[in-house]
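K.L.:
Chain residues, written in single-letter form:
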Amino acid sequence: MSTALQAQHVRDEIIIRMENVQKWYGSFHVLKDINLEVRTGERIVICGPSGSGKSTLIRCINHLEHAQEGRIVVDRIELGASSRNLDAIRREVGMVFQQFNLFPHLTVLQNCMLAPMKVRGTSKSEAEATARKYLERVRIPEQADKYPAQLSGGQQQRVAIARALCMNPKIMLFDEPTSALDPEMVKEVLDTMVNLAEEGMTMICVTHEMGFARQVADRIIFMDRGEIVEEGTPDTFFTNPRHERTRNFLGQILSH
Amino acid sequence: MLRQFGTNEFLFILTAARWTVLLSLIAFAGGAIGGLIVALSRVSSLKALSLTAGGFIQVFQGTPLLMQLFLVFFGATTLGFDTNPWIAAAVALTLNASAFLGEIWRGCIQAVPKGQWEAAGALGLHYPATMRYIILPQAFKIALPPTVGFLVQLIKATSLAAIIGFTEVTRAGQIINNATFRPFVVFGIVAAIYFILCWPLSHLSMRLERRFAAATTR
Ligand SMILES: Nc1ncnc2c1ncn2[C@@H]1O[C@H](COP(=O)(O)OP(=O)(O)OP(=O)(O)O)[C@@H](O)[C@H]1O
Ligand SMILES: [Mg+2]
Numbered sequence: 001m002s003t004a005l006q007a008q009h010v011r012d013e014i015i016i017r018m019e020n021v022q023k024w025y026g027s028f029h030v031l032k033d034i035n036l037e038v039r040t041g042e043r044i045v046i047c048g049p050s051g052s053g054k055s056t057l058i059r060c061i062n063h064l065e066h067a068q069e070g071r072i073v074v075d076r077i078e079l080g081a082s083s084r085n086l087d088a089i090r091r092e093v094g095m096v097f098q099q100f101n102l103f104p105h106l107t108v109l110q111n112c113m114l115a116p117m118k119v120r121g122t123s124k125s126e127a128e129a130t131a132r133k134y135l136e137r138v139r140i141p142e143q144a145d146k147y148p149a150q151l152s153g154g155q156q157q158r159v160a161i162a163r164a165l166c167m168n169p170k171i172m173l174f175d176e177p178t179s180a181l182d183p184e185m186v187k188e189v190l191d192t193m194v195n196l197a198e199e200g201m202t203m204i205c206v207t208h209e210m211g212f213a214r215q216v217a218d219r220i221i222f223m224d225r226g227e228i229v230e231e232g233t234p235d236t237f238f239t240n241p242r243h244e245r246t247r248n249f250l251g252q253i254l255s256h
Numbered sequence: 001m002l003r004q005f006g007t008n009e010f011l012f013i014l015t016a017a018r019w020t021v022l023l024s025l026i027a028f029a030g031g032a033i034g035g036l037i038v039a040l041s042r043v044s045s046l047k048a049l050s051l052t053a054g055g056f057i058q059v060f061q062g063t064p065l066l067m068q069l070f071l072v073f074f075g076a077t078t079l080g081f082d083t084n085p086w087i088a089a090a091v092a093l094t095l096n097a098s099a100f101l102g103e104i105w106r107g108c109i110q111a112v113p114k115g116q117w118e119a120a121g122a123l124g125l126h127y128p129a130t131m132r133y134i135i136l137p138q139a140f141k142i143a144l145p146p147t148v149g150f151l152v153q154l155i156k157a158t159s160l161a162a163i164i165g166f167t168e169v170t171r172a173g174q175i176i177n178n179a180t181f182r183p184f185v186v187f188g189i190v191a192a193i194y195f196i197l198c199w200p201l202s203h204l205s206m207r208l209e210r211r212f213a214a215a216t217t218r
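Listed in order, the protein sequences are those of chains A and B. Position one of the first sequence corresponds to residue 1 (this note's numbering), numbered consecutively onward. Position one of the second sequence corresponds to residue 1 (this note's numbering), numbered consecutively onward.
If we strip away everything but chain A, and leave its shape as in the complex, we get (with noise of 0.2 Å):
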């Protein structure tokens, strides 16, 4: 893609870099020489089929899970050998998972507030006053008093969202927001999801959405089997898929 198609929200400044990544699960070769620039501003949608390495790979950014070979460069810091690196690769990232993972003992304020102040040492009239801002901009203020499970799953996911954003990151990761919930909760997980691409965060989401796909992805990167087999703009991956393999999913998630 070149710097002349790229959309205006997207910088020069490359804040991922992964090269040659590579990893194994005991003998099963889960990523295979993964290569992938994301720009800061970017926003990317990675697709494929169960098993194929998605969770895998964005969990690699953020040090999650740890890849035996390549490398990872995150806003120009590389792991090391050094846990400050780590620290430092935290918190400038965000994650969302699928089974949103809220601290069920702590209400809502609480778990937006404890790594501000446990990670960063921000204060806790700071941090209440951020965790609300990030509450209000999830559209659950009313809510803060309340425990996770007093929660519907979309309202949770929101929360999550926002315990993410009270880090105040620089990037945001996603893996399958939407997948754990009732269809009628989906739409506004994904409006928040919206709301903040506009705001010009860099995201790479992982979801078989693909209408949220169309609608903010900069680039869509199908894996198949460890690999990345393709990626390109929505109007290139959704009308002229190169692959048989990218076709052939597409028919498939497409279809219902």
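It is worth saying that the hints were derived from the structure and are not from the lab. Think of the CB as a built atom: it goes at the ideal place given N, C-alpha and C, for glycine as much as any other residue. Any given hint could be a false lead.
Unchecked claim - Here are the simulated BS3-like pairs of lysine-lysine, each with C-alpha atoms no more than 25 Å apart in a straight line:
hint : chain 1 : residue 1 : chain 2 : residue 2
1    : B       : LYS114    : A       : LYS146
2    : A       : LYS124    : A       : LYS170
3    : A       : LYS146    : A       : LYS118
4    : A       : LYS118    : A       : LYS133
5    : B       : LYS141    : A       : LYS146
6    : A       : LYS118    : B       : LYS141
7    : B       : LYS141    : B       : LYS114
8    : B       : LYS114    : A       : LYS118
What the hints assert, rightly or not - If you want the footprint, here are the derived chain A segments under chain B, 3+ residues with CB under 8 Å:
hint : segment
9    : 88 to 99
10   : 103 to 109
Go by the hints and put chain B with the ligands onto chain A.
P.N.:
Using the frame of chain A, we list chain B with the ligands on its own:
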């Protein structure tokens, strides 16, 4: 010359119950501290620590409590310490409780879903903070019913301390029985005292368990 079983004899047994309670509390408090250390060591990624804690648990779960009492009691003499049955019983029961509570709590810590670790890690929380603010509070809730259940076992287990000469309620019963030879009355009373101590706890444990089951199946 047989003594009659009267109020004094009854009071002798009853007041000895305070030593049963005290020994149970000491062993439980010590076992709670020891158990937390054992449980944290057991789930640690440091192999040596985890294996040591595992070995500790195996030894204390795999041998009779009575042997542990003997070993501490007579072992202390052999090593030249003053053999006070009080201290020996407290030490042996504390070690035993540490092993059992450690194993119970290890299970509870590991019962907290992996996603909680991942969410905490993704937010940049380190291991100690994750343990303290995320994992242990959730493990604590899971641990409450079995821990109270274990306390009941522990109270009953203190009766073994009678054998090394510690005058708690069982030994008080033996002393009175030797003097009055009214075993049915004497040990009936001793058993009733244990029951009065344990029953409310068993009941509490069952209630907690039901409440917990209701909360998790919702
Ligand atoms: N901890 C693990 N140990 C062994 N194999 C694993 C582990 N985690 C994932 N795998 C395997 O690696 C492959 C890729 O997993 P991954 O979760 O990245 O796939 P995915 O593309 O996200 O799939 P899905 O759409 O089902 O979420 C799968 O075959 C999975 O079984
Ligand atoms: Mg996945």
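K.L.:
Now tell me, hint by hint, if it's right for this structure.
P.N.:
Now the hints, each set against the structure:
With a C-alpha separation of about 23 Å, the suggested pair B/LYS114 and A/LYS146 falls inside the 25 Å cut-off, and the hint holds. Of the supplied pair hints, the one linking A/LYS124 and A/LYS170 holds, its CA atoms being roughly 23 Å apart against a limit of 25 Å. The straight-line distance between the Cα atoms of A/LYS146 and A/LYS118 is roughly 21 Å, inside the 25 Å bound, and the hint therefore holds. Proposed proximity of A/LYS118 and A/LYS133 is supported: the alpha carbons are some 19 Å apart, at most 25 Å.
Pair hint B/LYS141 plus A/LYS146 holds up; C-alpha atoms about 19 Å apart against a cutoff of 25 Å. A threshold of 25 Å between alpha carbons decides the hint, and for A/LYS118 with B/LYS141 the separation of about 23 Å falls inside it, so the pair holds. For the hint linking B/LYS141 to B/LYS114, the alpha-carbon distance of about 17 Å falls within 25 Å, and the restraint holds. Restraint check for B/LYS114 and A/LYS118: the C-alpha separation of about 20 Å stays at or below 25 Å, so the hint holds.
Counting residues of the segment 88 to 99 of chain A whose C-beta lies closer than 8 Å to any C-beta of chain B gives 7; at least three are required, and the coverage claim holds. Only residues whose beta carbon comes within less than 8 Å of a beta carbon in chain B count, and the segment 103 to 109 of chain A has 3; three or more means the coverage holds.
Hint compliance for this structure: every hint is met.
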